[in-house]
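Asker: One letter stands for each residue in the lines below.
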Amino acid sequence: MSTALAPAVNGANVRRYVELVQTIAERNIKGRYRGSVLGVFWSLSNPIIMTGVYTLIFGTAFSSYYGGSILNYVLAVFMGLVVVTFFSQASSQALTSVVANGSLVNKIRIPLSVFPISIVVANLFQFLVGVLPVIVFVTLFASHSLERVLLLIAPAIALLLVTVGASLATSALFVFFRDLPYIYELVVFVIWMTSPIFYPEEIVPPKLRIWVHINPISAIADDIRKIAFGVSPPPLHVLGATVLLGVLAAAIGVGIFLFAQRSAMDLL
Amino acid sequence: MPPVITLRDVSLWRRTQEEFHYDFKRFIFNLVRGRHRKPNRRRVLDAINLVVQRGEKIGIIGENGSGKTTLLKVICGILTPTKGSMTTAGSIAPLIELGAGFDPQLSLVDNIIYYGLLLGVERRRMREHLDSILNFAELQEYRDEPVKTLSSGMTARLGFAIATEFRSDILILDEVLAVGDEAFARKCRERIDQLWDEDVTILVVSHNLDFILNSCSRGILLEKGTLIHDGLAHEAVLRYKTRVEAQRLGDPSRSPILLIAALHANSKYADRYYAYFDGRRHLISDQDWMRQNRLDDADVVRLDDTALDQIPEGEQVGYPTGVFRS
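Same order as they appear, the protein sequences are chains A and B. Each residue of the first sequence is one higher than the last, beginning at 37 in my numbering. Each residue of the second sequence is one higher than the last, beginning at 49 in my numbering.
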């Protein structure tokens, strides 16, 4: 083992990394749901309640954009909400994860990235058992097509990549900027409001609409909606572009993390 | 047999915290006004060379802030050297500040398994050792309680029990030798003594110089990140005491020196005394040298002579006996 260079990527290191992520994610999930009867399904209650609120307030006003159907509006809001909540919850929890384990990483050799990654994994688990079955069910029910369910993999991967990128970046930057939570809260709010989650894309002024298309969160939400209950699913090149956005976001996040990691240990 | 630890010219610079913003707003503000300064860096380890053979027991001493713990962290792979290279062979068990990784909300059993995984022990193996760990820590009846119900002494006992349960090739001890109450501290000593007899390589940081003298064969003295002595534990302790004494006396021009002495060990009043002076070793019985430095027997200040009795007859060791002042 040599620490002069970056730790070698070999079988033993990869296995230890996976085991660490698994353990920390498991502990995270255990800690979150201790004493809660609803368990993992608690994660569904948040988007369901919010969907209800949005529908009550905006449902009638916006339903004309959704083929005059309140149900379509409800589904669109729900799909959008689960995407944006997954992203914002995972990345906001990941933000403090490296600093929170500062004393631990000063005692035992642990790669710093396991902490944000395991937060994402814990949220992913919650997403897979809580939200995903609902999306799959809606897709099957609305389209009667198994192919569409398979197409869901593309935006799901994109969402995971974007979240990993944001989580790595925020967790590393928080080491240096301890006022980051306030700023990041604002960033999440901007992403939330500029994504057509509870309003139709059509009401966005045409000049600003480009943002809607490069904002990975809205692109992902849009793909999921179109796959689940659109007239026809988005063409493959559109899905490919979404995945590419995800890869780009993940690459930026990894880059920031690797850059910041070099002197992060001095401030933990 | 290849060495288990090799450090070649290891230097480490770390960012100092005092000039640090911890503030994104101020960072941007300074950047805009062109006031951004590169953060200060301080050298905490300076060109350390160290080769450790299998089975060596090494004591690391020095003042607070001299880089002892930092050196251990580099060896553990927690910190990466800025310059130079470090290689280790075999598994390392760190024993730095016991109980640091515990989650107070989770049960003892969950914490033991979690801690083991952090140390790199598989889950299944950890389960097999659960009872043995709990028995050693004498905490069987608490196994399903959350860790927060334990007292601090109990927590430290648990940490010690986990970290010493598995045999590793290199054991790192950082001021952890006194754990819990009298009875448990003795148990810990027994376990450590057992490790001492085995082929385990041990690196220990301690301010308990008697412990270093009695338990380590080799001593390393660090000062401001520089390795200033690497040799017999006795000599390292001696030089350390010399330097501490020099500081206590305050006036560097008075050049306090300390005897190394007693090569004929079974005599309390050894016939040959050595002194560290000007970074060299001098034979004190050399009367000319004594006169030259305006020294006489009245300058001897005894530091410690009880330990002289412990040196076996005829053994060739250096041992601290006193301080000279010029």
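Be aware that a few hints might be false.
[To be verified] Computed, partial: chain A to chain B, Cβ under 8 Å:
hint : residue
1    : 184
2    : 213
3    : 219
4    : 299
5    : 301
No lab work stands behind these hints: they were computed from the structure. Ideal Cβ placement from N, Cα and C applies to all residues, glycine included.
Asker: So which hints don't hold here, by number, going up?
Answerer: Hint check: 1 fails alone, others pass.
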